[in-house]
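Given chain S, put chain R in place with the hints provided.
Read top to bottom, the protein sequences are chains S and R.
For the first sequence, our numbering gives the first residue as 26, with consecutive numbering after it.
For the second sequence, our numbering gives the first residue as 53, with consecutive numbering after it.
None of these hints come from the bench; they were simulated from the model.
Take these hints with a grain of salt, some might be off.
[Stated by the list, open to error] If you want the ones that stay clear, here's a sample from chain R, every Cβ over 12 Å from chain S, calculated:
(1) H95
(2) A97
(3) A108
(4) E109
(5) S144
(6) S152
(7) V153
(8) F177
(9) A178
(10) Q180
(11) E181
(12) T182
(13) S184
(14) M193
(15) S198
[Said to hold, decoys possible] Think about it this way: if two alpha-carbon atoms lie no more than 27 Å apart in a straight line, the pair counts; the simulated DSS-like pairs of lysine-lysine are:
(16) K125/R - K29/S
(17) K175/S - K125/R
(18) K125/R - K230/R
(19) K175/S - K57/R
(20) K71/S - K125/R
(21) K29/S - K77/S
(22) K77/S - K175/S
(23) K230/R - K192/S
(24) K77/S - K125/R
(25) K104/R - K183/S
(26) K66/S - K77/S
(27) K29/S - K71/S
(28) K29/S - K78/S
Idealized CB from N, CA, C, for every residue including glycine.
The chain contents come next:
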Amino acid sequence: MNSKEFVDRLLPIKDKLFRYAKRILQDYDEAEDIVQDVYTKLWANKEQLGEKKNLEAFAMTVTKNLCIDRFRSRGYQSSNTGVDAAEIDISSKSISPQKITEQKDAVQLVRNILETMPENMRVVVQLRDMEGLEYDEISLITGTNISTLKVNLSRARKRIREELVNKYQYKNHEN
Amino acid sequence: MKIDKDYIINLTQKYYECETTLEEENILNEYFNSGNVDIELSHLAPQFVYYKESVAETISESFDEMILNNIDKQVNTPKVRQLFTKKAWMYSAAALVILSVGINLIFSKNKIEVTGNNSIEKNEFAYQETVSALMFISSKMALADSQLNNMEILSKNLNQLNQVNQFEKLKYLEKIIKKDRRRNDQ
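So that you can see chain S by itself, here it is in the shape it has in the complex (with noise of 0.2 Å):
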């Protein structure tokens, strides 16, 4: 694989790998070290690419695998930047101000929701939720099959919609 295909192919998906990243390891700077070092270890490895049939699971796997060597070795406190509250913006076209605030709160909920759950359930919900891939996609990347990824993925979003129900009390017409 020449220079032109390397970035043609794979510099779309950074900001992919980059939210993967950030989805294992909870850290901004730390993800976006990872995505750099992803990038430095496709390119040594540009003659073997080729042979690859889906280039951006093998590059989010590649993800995968340094961000749990990282993980391990480091064993770092994330600063847990994300995604603030205050920077979601709402569809508001006939919500009253306070309807706004206790969406956004209720935004605020979910991911603080995300972050509590093992990193397996979180990983899928990136991956399927956020990412919207394939369920064959995500057991090639994550290693597991895909009857196991749906059960964490069912648990993971039930878990929220339970939470925000708790917090909320709302209605529910599910049960």
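Quick look at chain R alone, frame taken from chain S:
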């Protein structure tokens, strides 16, 4: 077009059991981010709103430029000149040939015919001198060959080091600049 509430409720039930397709999940995303959510379902909206906003998060703007510069530098950096040349192999081969001739002479020593005392002495002397010369040449060629091998190893390592150092240096500089910017922003 307003989406049917019962359809959305049905989709959400499938969603929490992980039975929805990506297309159906996109429908839920659009609905819950539309700002026009039925009151009975409003408690589910924050989850989808958070997902949408999280995907908007991106890596720093200078990242592309850094990667492109690194690639450009690595592509355009001339390789360290090869210090090990083909000629060295020729010298080694020549040394082996000379050595073989010398060994042959050593083992053919007993075949020298005696024609007269002077002849014998002359032949013996010539033989000894030839052997000494050949052994000397052989030892020097072996030393040169070994030194050329070391130069080859050095050449390879310098090439590899040159590639790694560029990235490491830029990474380190990038970190310093970012930390400095954050300090100034605060």
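A quick look at each hint next to the structure:
The Cβ of H95/R sits about 3 Å from the closest Cβ of chain S, inside the 12 Å cut-off, so the non-interface label is violated. The Cβ of A97/R sits about 7 Å from the closest Cβ of chain S, inside the 12 Å cut-off, so the non-interface label is violated. Under the 12 Å C-beta cut-off, the non-interface status given to A108/R relative to chain S is violated; the minimum distance is some 8 Å. At the 12 Å boundary, the C-beta of E109/R falls inside the reach of chain S, the nearest C-beta of that chain being 6 Å off.
With a cut of 12 Å on Cβ distances, S144/R stays outside the contact zone with chain S, its closest approach being about 32 Å. With a cut of 12 Å on Cβ distances, S152/R stays outside the contact zone with chain S, its closest approach being about 42 Å. With 12 Å as the threshold on Cβ separation, the claim that V153/R sits away from chain S holds: the shortest Cβ distance comes to roughly 46 Å. The Cβ of F177/R lies farther than 12 Å from every Cβ of chain S, with a closest approach of about 62 Å, so its non-interface assignment holds.
With a closest Cβ-Cβ approach of about 59 Å to chain S, A178/R is found to remain outside the 12 Å limit, as its non-interface label requires. No Cβ of chain S comes within 12 Å of the Cβ of Q180/R; the nearest lies about 57 Å off, and the non-interface call holds. With a minimum CB-CB distance of about 56 Å to chain S, E181/R clears the 12 Å threshold, and the non-interface call stands. T182/R, annotated as away from the interface, keeps every beta carbon of chain S farther than 12 Å; the closest lies near 53 Å.
Consistency note on S184/R: stated as away from chain S, and its beta-carbon is indeed over 12 Å from all of that chain's, at 52 Å minimum. Against the 12 Å criterion, M193/R stays outside the reach of chain S, whose nearest CB is about 37 Å from its own CB. Residue-level check passed: S198/R sits 31 Å from the nearest beta carbon of chain S, beyond 12 Å. Among the hinted pairs, K125/R with K29/S is consistent with the structure: their alpha-carbon atoms are about 14 Å apart, no more than 27 Å.
Our distance criterion of 27 Å between C-alpha atoms is broken by K175/S and K125/R, whose separation comes to about 44 Å. Annotation: proposed proximity of K125/R to K230/R holds, straight-line Cα distance about 22 Å (limit 27 Å). Simply put, K175/S and K57/R have alpha-carbon atoms about 26 Å apart, close enough for the 27 Å limit, and the pair holds. Annotation: proposed proximity of K71/S to K125/R holds, straight-line Cα distance about 15 Å (limit 27 Å).
The hinted pair formed by K29/S and K77/S meets the criterion: a straight-line CA distance of about 17 Å does not exceed 27 Å. Note on K77/S and K175/S: the hinted pairing holds, with a Cα-Cα distance of about 26 Å set against a maximum of 27 Å. With a C-alpha separation of about 38 Å, the suggested pair K230/R and K192/S falls outside the 27 Å cut-off, and the hint is violated. This hinted pair checks out: K77/S and K125/R have alpha carbons roughly 25 Å apart, not beyond 27 Å.
For the suggested pair K104/R and K183/S, the alpha carbons sit about 18 Å apart, so the restraint of at most 27 Å is met. Between the alpha carbons of K66/S and K77/S the distance comes to roughly 15 Å, so the proposed pair stays at or under 27 Å and holds. Under the criterion of a C-alpha separation no larger than 27 Å, the hint pairing K29/S with K71/S is consistent with the structure, at around 11 Å. Between K29/S and K78/S the alpha-carbon distance is near 19 Å, which keeps this suggested pair within the 27 Å criterion.
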